[in-house]
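Visitor: What follows is each chain in one-letter form.
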Amino acid sequence: MVALVAVENLVKHFPVKRSLADVVAGRHPVVHAVDNVSFTLDENETVGLLGESGCGKTSTGRLLLKLDQPTSGRIEIAGKDLATLAGADLKAFRRTAQLVFQNPFDALNPRFNIRRVLAEPMINAGIDRREYADRINAELARVRMQGVGDLLDKFPHQLSGGQLQRIVLARALILGPKFIVADEPVSMLDVSVRAGVLNLMREIQETLGLTAIYISHDLALVRYVAARTFVMYLATVVEDGPTEQVISSPQHPYTKALLAAVPVPHVNQNREPLPIKGNMPNARNPPSGCRFHDRCPMAIARCAAEVPALREIEPGHRAACHLA
Amino acid sequence: MRDAVEPVQRQRTRFVAAIAPILAPLRDPFAATGVTIYIVFVLIAIFALSLVSHDPLEILFNDDGRLVAGEGPSRQHLLGTTTLGRDIFSQLVIGTRAALYVGLTAAVVVALIGTVVGLVSGYFGGWPDAVLMRLADVALGIPFLPFVILMAGFRGPRTSNIILGIALLLWPNTARVIRAQVLSVRERAFVEAARVTGASTWRILFVHVAPNILPLSFLYGSIAVGWAILTEASIAFLGFGPSNQVSWGSMLQDAYASQALSRGDYHWFVPPGLCIVLVVVAGFFVSRGYETILFPKLKD
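Sequence lines, in order, name chains A and B.
Taking my numbering, I'd label the letters of the first sequence as residues 1 to 324.
Taking my numbering, I'd label the letters of the second sequence as residues 1 to 300.
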């Protein structure tokens, strides 16, 4: 297997406005969005990036697409170091890596009709005008939208959420990317059309042999589409492994808590109280040692002192916990 | 044969597609009204010299040598005469030229400067934003009328100097509103989508962001029309305007100074007032029509 995406010690800190006290003390406060994240993705691999709001999963996705510059660390995609990409190389990279947006109602320019929306990437990539129509039709067929009459002349507000998300998908695919980041691809859609869009994405990804990252807070979604799962907590990856193993034998206490929080479709179901308490701590000032130690039911003295490394518990399954 | 015809046809459809957005707002009844008003005034301005019955500044005398002063509407003088014996209808017609010239030129300049400054300032932020906005603060801090008077005083009482003064002081309002709108538009996902599909910064700014703030430019442009016409009138009243030119503003000031209002000479001050209102309102109507094509969602 060839690694398509290689991430090494990725760090992203967002500067926060300094208060007077910060200026006096000479501090430069930052929000820790991504801290020391490393992983590699093989070609044709699908991973889920699981975590709650604010854990840094969207920031990671944006860094992978060079929509933000990392504070430190290295990202290599298809053999290119993202930090040094510029000019023609950056343009080529834009054809390689694409994003599927969370909110399809906002992801299409309200001023453009669908033809224009789908032509935009090709204009930017400098593709011959005469190819536009064929490529647009091919992509619409791929996302099962070819039967909709005068679709190309419609404006985004005239389409439903599911249709819009298929157009967003078609736009992402029209330049023939190898790597897709899907940031909560169905969270804004009606439950009734989610499965349809997800099936479509899975199928397209298999036929085209794409590498994909699904960013989600939804365990069921990740389980449905991804063979491998990362669990993120407070800017760090705490667990990484084959999805089924992560779910059947979670190694990190946070993953266990996540699994325990999955709703059960039964009204009178008696539930164990959640093993953890409180909220995710402030990302401006993360806890020492293991970031989860202040909420962890199993924490020992070592957890507050020493940052646990991500180590292999069983083949291909890693967790960042001293006790795992 | 077919091969010969096709390119021409394609060119024609492309031409139609290109002007469609310009003509589209005409389907909106308000916009159609606004455009009609504009067209009427433009035609009046163009054919002004054939429409007037007298020289607007000529002091008219009867055959028996008496001044034709303060007369009501008649066949000879459609809107009567001023207290100095000048034909009001002719003044109104000629005044259209000054009003349209000042109003539209100032509007275009103000909207253009305001839009470009707002776009650059809002999208790039950082030091360009800081510099441009401090410049805007300075321009906003300068009192409007005295500045325009100074412009006219130092550079001569010409209409172009009045327009320059208006343009130099009125752009910050437009720029600030556009900037605020850009700040919100640039955070939207479709702008990020443009970036991720490889659009350059300038392309994002002028192809993706600008069309979404353009109704505001039109709106502020049409507000500038009103401001420019009113300013020109005030300048004329204070005696800093070109003395050899008639405008609706100078007509109103003339009527005001001659106590036409207290004497009830409605035929004197109502027509120029009405004309100013019509032109300003027409601007708003047109901008309303453009809103529906710039924000297609409003149409449904």
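What the hints contain is simulated information worked out from the structure, not anything from laboratory work.
Glycine residues also receive a C-beta, built at the ideal position from the N, C-alpha and C atoms.
Some clues are possibly wrong.
To give a feel for the contact side, a few chain A residues facing chain B, derived at Cβ under 10 Å [unchecked claim]: (1) N124; (2) G147; (3) V181.
Going by beta-carbon spacing under 10 Å, a handful of chain B positions derived as facing chain A [what the hints assert, rightly or not]: (4) T197; (5) H208; (6) N212.
Visitor: Any of the earlier hints contradicted here, and which numbers?
Guide: 2
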